[in-house]
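Asks: Okay, here's what each chain looks like letter by letter:
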Amino acid sequence: MTRISILRAERGPVRVAITPGLLQARTIERHATGAQVALVAGGATLVGGDHLGVDVHVGARCTLDLEDVGGMVAYPTDGRRSRFDVRIRLDRGATLVWRAHPFVIAAGAAVDRDMTATLDDGAALCLRETLVLGRTGERGGQIRNRLHVRDAEASPLHLEDLELSGDSPAAGVLGPHRVLDSVIQLGRRPAATAEDGPAGPVMLHLDAPGAIARTVADATHRTGLDGVFAQWSEELLTDAGFG
Amino acid sequence: MLLADSRLPAGAHVSSNALEAALRDGLAPSAVAAYLASRQRTVTEVEAGAAVVARRIALDAERAPAPEALEPLLREWAARTPSRAQREVACALGDGLRRLADVLWPGAVPAPISRERPWPRPLVLGLVAAAAGLAAEDLVRLVAYDDAQTVAAALLKLEPGDPRSAAALVLEACALLEPRVAELAALEDPVHIPCTGAPLTEGWAEAQSTLPRRLFRA
Chain A
4 MTRISILRAE
14 RGPVRVAITP
24 GLLQARTIER
34 HATGAQVALV
44 AGGATLVGGD
54 HLGVDVHVGA
64 RCTLDLEDVG
74 GMVAYPTDGR
84 RSRFDVRIRL
94 DRGATLVWRA
104 HPFVIAAGAA
114 VDRDMTATLD
124 DGAALCLRET
134 LVLGRTGERG
144 GQIRNRLHVR
154 DAEASPLHLE
164 DLELSGDSPA
174 AGVLGPHRVL
184 DSVIQLGRRP
194 AATAEDGPAG
204 PVMLHLDAPG
214 AIARTVADAT
224 HRTGLDGVFA
234 QWSEELLTDA
244 GFG
Chain B
241 MLLADSRLPA
251 GAHVSSNALE
261 AALRDGLAPS
271 AVAAYLASRQ
281 RTVTEVEAGA
291 AVVARRIALD
301 AERAPAPEAL
311 EPLLREWAAR
321 TPSRAQREVA
331 CALGDGLRRL
341 ADVLWPGAVP
351 APISRERPWP
361 RPLVLGLVAA
371 AAGLAAEDLV
381 RLVAYDDAQT
391 VAAALLKLEP
401 GDPRSAAALV
411 LEACALLEPR
421 VAELAALEDP
431 VHIPCTGAPL
441 TEGWAEAQST
451 LPRRLFRA
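Chains as they are written, first to last, in the numbering used here: chain A, 4 to 246; chain B, 241 to 458.
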């Protein structure tokens with residue numbers, strides 16, 4: 004389990020505590036209210052039976068700008084599923100921006116990816132999530148992707164389980180497509196939501212504060228979400244006095 | 241039986257369950273069976289789960305539950321329904337059903353907390369089921385039937401074909417949920433309601449709400 008925790012110090016820059024796991028985290032920069040951390044897949048890819056875990060804790064009034072270095076590929080398994088668990092805890096007024104790269108589920112791979120986040124009052128989260136079924140020319144494997152986000156009182160902000168499979172595409176879920184690209188912001192509504200034209204991403208305005216911009220596509224470079232992610236994450240970081 | 245009838249004056253005929261937008265987006269009419277199957281595994285489980293828990297809350301309250309008793313369920317349902325268009329139409333249809341219930345089962349459905357936020361259809365359906373003595377398993381089947389029949393009836397208007405094949409589609413879709421009926425019917429805690437999403441369907445629901453020259457509102 005890779006752990007990243009940042010807390011405000013009484014004086015000087017925030018304290019960043021990192022416990023390495025299969026994924027390595029490196030502090031790039033830190034200052035009084037936040038830090039920039041890179042998450043490196045330490046030669047790692049996911050093969051059958053692997054269990055990867057990342058635990059992120061952002062202390063009160065801190066900001067963490069987390070960037071993946073390189074994407075991740077889940078490789079074919081011989082009947083054994085692999086797991087990728089992410090736990091996120093945001094204290095009061097904390098902000099997390101996670102610049103995640105595509106997660107590729109190769110043909111024959113079977114993955115359970117479970118992301119759970121708890122947001123205390125005034126906390127906000129913006130993350131990119133790009134799920135890709137198959138490497139080029141493949142139909143891709145199978146993933147159970149869970150995203151469960153609640154506030155500190157356990158009231159739900161957003162709950163979604165996705166069952167995607169390259170071998171048995173489901174009409175109305177991903178259809179014949181192989182890429183599901185999303186920008187997910189929770190805890191605060193993005194001020195700027197690009198006008199969704201006929202070809203633009205779908206804008207899902209959640210009931211709880213937050214929104215999801217999403218595109219179902221056939222290639223990662225055609226999803227039109229880079230701009231949305233830049234805009235939303237910039238807005239959060241600026242509000243947090245970061246950057 | 242009455243609750244499942246689309247001729248019931250509750251306004252359900254305005255919905256195609258986003259089929260109209262799906263067809264315009266390129267879903268082949270021959271893929272409607274697959275669309276129905278996906279709906280049974282995704283949105284129907286959420287709706288049926290919410291209806292079952294609403295029924296449970298009403299039975300435990302032994303009369304119409306206080307609006308506050310329904311609020312946690314409402315939040316759990318809304319957090320599983322990321323499309324605003326889907327939430328809005330569920331609330332509009334729920335309001336239609338509530339007004340009907342006020343005449344047929346007076347007192348079964350409490351007034352919503354705010355006028356702008358009527359109870360969504362699965363909650364109202366669950367409350368009515370409690371008042372009408374409908375068993376939880378039958379309530380799950382009713383939600384499954386209602387979802388499939390809405391799409392099938394819309395299909396006949398959008399892509400006129402043999403009504404007998406549309407009926408067959410409905411039967412086939414309902415059969416898919418059957419293995420899940422007992423588990424869904426046993427739900428008591430709203431936290432345990434399934435939350436399986438369907439990104440394309442949610443996108444079609446959003447597109448449908450602004451579709452030019454549309455036949456259906458949803």
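Hints are computed from structural coordinates only; laboratory data are not their basis. No experiment lies behind these values; they were computed from the predicted model shown. All C-beta atoms, glycine included, are put in the ideal place defined by N, C-alpha and C. Take the hints with a grain of salt, since some may be wrong.
Distance ranges between label pairs, derived from CB positions [what the hints assert, rightly or not]:
{"#": "1", "chain 1": "B", "residue 1": "Leu-299", "chain 2": "A", "residue 2": "Thr-30", "range": "39 to 45 Å"}
{"#": "2", "chain 1": "B", "residue 1": "Glu-311", "chain 2": "A", "residue 2": "Leu-10", "range": "31 to 37 Å"}
{"#": "3", "chain 1": "B", "residue 1": "Glu-423", "chain 2": "A", "residue 2": "Ala-35", "range": "49 to 55 Å"}
{"#": "4", "chain 1": "A", "residue 1": "Pro-23", "chain 2": "B", "residue 2": "Leu-299", "range": "51 to 57 Å"}
{"#": "5", "chain 1": "A", "residue 1": "Arg-95", "chain 2": "B", "residue 2": "Pro-419", "range": "25 to 31 Å"}
{"#": "6", "chain 1": "A", "residue 1": "Asp-58", "chain 2": "B", "residue 2": "Ala-309", "range": "48 to 54 Å"}
{"#": "7", "chain 1": "B", "residue 1": "Ser-354", "chain 2": "A", "residue 2": "Leu-10", "range": "35 to 41 Å"}
{"#": "8", "chain 1": "B", "residue 1": "Ile-353", "chain 2": "A", "residue 2": "Arg-192", "range": "20 to 26 Å"}
Covered stretches of chain B (chain A as the covering partner; in silico rule of three or more C-beta atoms under 8 Å from a C-beta of chain A) [unchecked claim]:
{"#": "9", "region": "298–308"}
{"#": "10", "region": "330–339"}
Asks: None of the hints should be skipped; say for each whether it holds.
Replies: Okay, the hints, checked on the actual structure:
For the hinted restraint 39 to 45 Å between B:Leu-299 and A:Thr-30, the CB-CB distance of approximately 55 Å leaves it violated. In this structure, B:Glu-311 and A:Leu-10 meet the distance hint of 31 to 37 Å, their C-beta atoms being roughly 35 Å apart. The hinted window of 49 to 55 Å between B:Glu-423 and A:Ala-35 holds, with their beta carbons roughly 51 Å apart. In this structure the supplied range 51 to 57 Å holds for A:Pro-23 paired with B:Leu-299, their Cβ-Cβ distance being about 52 Å.
Between A:Arg-95 and B:Pro-419 the beta carbons are some 44 Å apart, a value that contradicts the proposed interval 25 to 31 Å. At roughly 36 Å, the beta-carbon separation of A:Asp-58 and B:Ala-309 lies outside the given 48 to 54 Å, and the hint is violated. The given range of 35 to 41 Å is respected by B:Ser-354 and A:Leu-10, whose C-beta atoms sit roughly 40 Å from each other. Range check, B:Ile-353 to A:Arg-192: Cβ separation about 21 Å, and the 20 to 26 Å hint holds.
Residues of the region 298–308 of chain B lying with their CB closer than 8 Å to a CB of chain A number 0, which falls below the three-residue condition for coverage. Requiring three or more residues with a Cβ within less than 8 Å of a Cβ of chain A, the coverage given for the region 330–339 of chain B is violated, as only 0 such residues are present.
The structure is inconsistent with the numbered hints 1, 5, 6, 9, 10, although it conforms to all the rest.
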